Amino acid sequence: MTGVRAEWPLYEVFVRGKRGLNHVHVGSLHAPDDQMAVRHARDVYTRRNEGVSIWVVRSDAITASSPDEKDPLFAPSGDKVYRHPTFYDIPHDVPHM
Amino acid sequence: MTIHTHQPGEHESAYDGLLVNDAHWAFGTDFEDPLAGVDTTVPDGIDAAELASYCLALGDDALVLSHRLSEWCSRAPDLEEDIALANIALDLLGQARLLLARAAAADPSVVPTLPEGSPVPPEDALAFFRDDRAFRNVPLVELPNGDFAETVCRVLVFATHRLALFERLAAHPDAVLSAVAAKGVKELTYHRDFAGRWFVVLAGGTEESRRRLEAGLARVWAHRHELGVDAEADGVLAHVLATAGVAEPDVRPVVTDGGHTEHLGRMLAEMQSVARAHPRGLW
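Chains as they are written, first to last, in the UniProt record's numbering: chain A, 1 to 97; chain B, 1 to 283.
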């Protein structure tokens, strides 16, 4: 059994719902290759009519921020409420706001 | 001053954003009568007994293979494959329910007689209160599962033949059978795809996976004649075998005397035991 990987690689799964605009991360799974990962995602994550589109990506292809960087990355935005567009008086005749 | 804040619990589940108005889908399904509200009148020019007999055969194939596939639950090589096989089993169980219900509606005389006042619906009476001799399924689907490779081979051959057949049955003059077939085409397309991909993967895997695949294919191939002659299915299977670089097995067809093997009786004994122990039970 030389040359055989002991375990299939891990994939992250993103599903877009019927009325969803974007793909949402729903979980992860193992698969032998990219195409089988799509099939597995269909079987594991869309059994209850959740999805119309699936993305899969090898987990090791994702570059993530480190928890150690949490403060330098995210703390500076914590006190800048003026970045939310909530300081405007919205006229009554502007719909969908 | 208003600041947009994240509501607690707003995104507790990744599925919240996906289900939207379909959130009820998994919970509110009516299991009472799969043909509720459907006009089951047999059209003019069709023999009701023949139609019932045909639907029983197709329904029994699906029911028996569904049960065999469900035996993989918790035993598949991988969690993902476990769910995949269970999904296929459930698709086939859905086909079986519709086809047995159609058979019972077309010709009520096919349904076993149960004690007066029994709440068992006709589809369940057909599934759980017939003996093995009354089942019309092909022996191919009642054989024990074997290993994963053999299961892949059986699903491949079965789904390929059934898909070719259902594509034609979608134009059947009986509107109910036609609708059941049209629904089944989508399911079987996936089953064939699942098995075909695994067939190619196992053929190109290790020496051991290829050895098991070829052995499983030989056992399945000996029963392929039971599914009938079908040029379209032949073409698809030849294509899958060629893609995988696997030669067509040189095996003599196995002919089963009496219609069934010993395996069906044992399988039914387990499958039917609970329903038969409680003939007045409500599920």
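For the record, the hints were derived by calculation from the structure and aren't laboratory data.
Model, not experiment: these values are computed from the prediction.
Backbone N, C-alpha and C fix where the C-beta goes; we use that ideal spot for every residue, glycine too.
Be aware that a few hints might be false.
Derived lysine-lysine pairs resembling DSS-like cross-links, with alpha carbons at most 27 Å apart [claimed, not checked]:
id : chain 1 : residue 1 : chain 2 : residue 2
1  : B       : K183      : A       : K18
2  : B       : K183      : A       : K80
3  : A       : K70       : A       : K80
Examples of chain B residues lying across from chain A (beta carbon under 8 Å, computed) [unchecked claim]:
id : residue
4  : D78
5  : I83
6  : A84
7  : N87
8  : F194
9  : R197
10 : V201
11 : E262
Hint-by-hint comparison with the structure:
no., hint, verdict
1, B:K183 with A:K18, "20 Å, holds"
2, B:K183 with A:K80, "55 Å, violated"
3, A:K70 with A:K80, "17 Å, holds"
4, D78, "7 Å, holds"
5, I83, "5 Å, holds"
6, A84, "4 Å, holds"
7, N87, "5 Å, holds"
8, F194, "6 Å, holds"
9, R197, "6 Å, holds"
10, V201, "6 Å, holds"
11, E262, "33 Å, violated"
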